[in-house]
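Protein sequence lines correspond, in order, to chains A and B.
Residues 132 to 435 in this note's numbering are what the first sequence lists, from first letter to last.
Residues 132 to 435 in this note's numbering are what the second sequence lists, from first letter to last.
Worth flagging that the hints you see were computed from the coordinates, not collected in a lab.
The model shown is predicted, which means the values in this text are computed figures rather than measured ones.
Misleading hints may appear alongside valid ones.
One copy or two, it doesn't matter: identical chains are merged, so the pair holds either way.
To be verified - In silico SDA-like cross-links for lysine to any residue, where the CA-CA straight-line distance does not exceed 20 Å:
1) Lys-335 x Thr-249
2) Lys-153 x Lys-322
3) Lys-335 x Pro-314
4) Lys-153 x Met-279
5) Lys-321 x Glu-337
6) Lys-418 x Asp-433
7) Lys-209 x Arg-431
8) Lys-236 x Arg-427
9) Lys-435 x Pro-173
10) Lys-435 x Asp-421
11) Lys-190 x Lys-269
12) Lys-286 x Lys-418
13) Lys-286 x Gly-214
14) Lys-209 x Leu-383
15) Lys-435 x Thr-385
16) Lys-335 x Ile-205
17) Lys-418 x Thr-172
18) Lys-418 x Leu-262
19) Lys-286 x Gly-208
20) Lys-269 x Asp-220
21) Lys-322 x Ser-296
There are 2 protein chains.
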Amino acid sequence: MSLLVVGSVALDTVETPFGSVKEALGGSAVYISTAASYFTTPIRLVGVVGGDFSEEHIKFMESRQIDLDGLQIIQDGKTFRWGGRYQYDLNVRDTLFTELNVFKKFDPIIPVGFKSSTYVCLGNIDPVLQLQVLNQIKKPRLVVGDTMNYWIETKRDELMATMRSMNVIIVNDSEARLLTQEPNLIKAAKKIIGMGPHVIIIKKGEHGAMMVTEETIFSAPAYPLETIFDPTGAGDSFAGGFIGWLARTDDLSTENLKRAVIYGSSLASYCVEKFSVDCLRDLSNLKIQDRFHAFRDLSRFDEK
Amino acid sequence: MSLLVVGSVALDTVETPFGSVKEALGGSAVYISTAASYFTTPIRLVGVVGGDFSEEHIKFMESRQIDLDGLQIIQDGKTFRWGGRYQYDLNVRDTLFTELNVFKKFDPIIPVGFKSSTYVCLGNIDPVLQLQVLNQIKKPRLVVGDTMNYWIETKRDELMATMRSMNVIIVNDSEARLLTQEPNLIKAAKKIIGMGPHVIIIKKGEHGAMMVTEETIFSAPAYPLETIFDPTGAGDSFAGGFIGWLARTDDLSTENLKRAVIYGSSLASYCVEKFSVDCLRDLSNLKIQDRFHAFRDLSRFDEK
Chain A
132 MSLLVVGSVA LDTVETPFGS VKEALGGSAV YISTAASYFT TPIRLVGVVG GDFSEEHIKF
192 MESRQIDLDG LQIIQDGKTF RWGGRYQYDL NVRDTLFTEL NVFKKFDPII PVGFKSSTYV
252 CLGNIDPVLQ LQVLNQIKKP RLVVGDTMNY WIETKRDELM ATMRSMNVII VNDSEARLLT
312 QEPNLIKAAK KIIGMGPHVI IIKKGEHGAM MVTEETIFSA PAYPLETIFD PTGAGDSFAG
372 GFIGWLARTD DLSTENLKRA VIYGSSLASY CVEKFSVDCL RDLSNLKIQD RFHAFRDLSR
432 FDEK
Chain B
132 MSLLVVGSVA LDTVETPFGS VKEALGGSAV YISTAASYFT TPIRLVGVVG GDFSEEHIKF
192 MESRQIDLDG LQIIQDGKTF RWGGRYQYDL NVRDTLFTEL NVFKKFDPII PVGFKSSTYV
252 CLGNIDPVLQ LQVLNQIKKP RLVVGDTMNY WIETKRDELM ATMRSMNVII VNDSEARLLT
312 QEPNLIKAAK KIIGMGPHVI IIKKGEHGAM MVTEETIFSA PAYPLETIFD PTGAGDSFAG
372 GFIGWLARTD DLSTENLKRA VIYGSSLASY CVEKFSVDCL RDLSNLKIQD RFHAFRDLSR
432 FDEK
């Protein structure tokens, strides 16, 4: 199935207790597309970069069969840059700087050839732009959306309008609580179902992820990593693995959604093992299957 | 198998956003014994109360086939009292008062008939007393121990000495980090293995529990409760369900330890549905099995 990904393309400067990288390839659209490319190709990416965006990054994305027809290159502009520092326990992140640059005026124009995409993944961008994207798509079979605290706080009404067109929303636990003003995550998820999406995925970092639908609650463990080099992009890698598997199988049954959550978790667990998208550069089906099985073994018990 | 439980017997005054109780039956030994009594009987309890301890509580424990030969009753003393208040999200607890009373001079004397107990559960008491208990037991097959931040901070050396005689230690995530000065929970668990116990169980509240041994990591989800009335005793109910199942089956294989974690989680999930030990008063094998299966369904996925 055809998969469209819209989001940021960025150059990230990241410091963690284990090292640092400067202006490494990043952004939600990059992580989502790269992760999804292990399940289905080509991936249709829509985003914007400046004239300073390196040819090397273009080549890498093309090597992952990411179709860049929708990547706007503003020659006299600069690419979006983000800088962040993770504290010792990696659960707390300080943003050091955000230079929106060409991203400030991002106008997501969907190329004609992308308008019939059946699977759509909306990375974390302004909900107004997310809706603008959806208005250009003919008849999507599945829309997966991400958001963040900033939009929940500053553009709640617009986000609510966009959420009515999402089938799946992926948020983290604090975002779910902020969105619903409800501390209990199960209750929060059920409230979000009333806002539009019928599948709610709550990412809980080191505690795994949870999927809530009208009929089911599914709990996915976190992969027990002893060393997390760089948590940047884990959520987007999850989204990419999740929608990539669904686009590949075109099966939206509850059972297959569960598998998609585990594939998402698998990609996220690989993502954090190196800086930037480095760990997503050379995955293989075998490695992904290995981790999928490791997830199964992690929570499996015999009843006797 | 014979199961000995040593810990506090208390009268708890608890406030939560859903109501309050005054001087309700509580204490680690009570929760552990009551939970374990659904798996194996009689349970041998060692603890201390004052002359004010109600006959009604004695009768309840006897009705659960808890052998009270080791319950010291100090007629001219008062029972240990604890008061706490849970905040809105139930993750934060403020201790309002602690009146140790007869518990201050608790000298855990193990009755002769209890000294051959094969399964021993040490509730959260001074590690010096925990060791004193173990020195009176002939040849335990399994020692499960609990502790808390207070002992880690004030009696680290004594705790380390006691831990060398524990086979299983049950701690929560913040205790595991405090004990090891290691933010990563997997690394923390592995460090604890080096301190004595070969099975480490880390309770993560609303995120479930994790068991780490030399050979395996097992992740148990949390049961998705929409309303938690009173979190008091959840950890002790977990310990009781865990050791109760092991004492009943006398099987210490990794596979059976996983089942024990799920039985512990099941009892803990029932415990928090009402105030005090109320939800543990009238459980049944059927209800426990139902929840055990619900835990299985929560994390199960088909591979296709």
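Status of the hints after comparison with the structure:
1. Lys-335 x Thr-249: neither (28 Å within a copy, 39 Å between copies)
2. Lys-153 x Lys-322: neither (40 Å within a copy, 34 Å between copies)
3. Lys-335 x Pro-314: For Lys-335 and Pro-314, both the intra-copy (14 Å) and inter-copy (16 Å) Cα distances are at most 20 Å.
4. Lys-153 x Met-279: Neither, since 24 Å and 42 Å both go past 20 Å.
5. Lys-321 x Glu-337: Answer is between: at 17 Å across copies they meet the 20 Å cutoff, but 23 Å inside does not.
6. Lys-418 x Asp-433: Intra 26 Å, inter 19 Å, cutoff 20 Å: inter-copy only.
7. Lys-209 x Arg-431: Cα proximity of Lys-209 and Arg-431: none, with 49 Å in one copy and 47 Å across.
8. Lys-236 x Arg-427: Answer is neither; intra-copy 44 Å and inter-copy 49 Å both fail.
9. Lys-435 x Pro-173: neither (46 Å within a copy, 24 Å between copies)
10. Lys-435 x Asp-421: Between. Shortest inter-copy distance 15 Å satisfies the 20 Å Cα cut-off; intra-copy 26 Å does not.
11. Lys-190 x Lys-269: Answer is neither; intra-copy 30 Å and inter-copy 70 Å both fail.
12. Lys-286 x Lys-418: neither (40 Å within a copy, 46 Å between copies)
13. Lys-286 x Gly-214: neither (23 Å within a copy, 43 Å between copies)
14. Lys-209 x Leu-383: neither (40 Å within a copy, 62 Å between copies)
15. Lys-435 x Thr-385: For Lys-435 and Thr-385, only the inter-copy Cα distance (13 Å) is at most 20 Å; the intra-copy one is 27 Å.
16. Lys-335 x Ile-205: Close neither inside one copy (37 Å) nor across copies (48 Å); limit 20 Å.
17. Lys-418 x Thr-172: within (18 Å within a copy, 48 Å between copies)
18. Lys-418 x Leu-262: Neither: 36 Å inside a chain and 47 Å across chains, both beyond 20 Å.
19. Lys-286 x Gly-208: Answer is neither: 27 Å inside a copy and 61 Å across each miss the 20 Å cutoff.
20. Lys-269 x Asp-220: Result: close neither inside a copy nor across copies, 44 Å intra and 43 Å inter.
21. Lys-322 x Ser-296: For Lys-322 and Ser-296, only the intra-copy Cα distance (16 Å) is at most 20 Å; the inter-copy one is 48 Å.
Hint violations for this structure: numbers 1, 2, 4, 7, 8, 9, 11, 12, 13, 14, 16, 18, 19, 20, all remaining hints satisfied.
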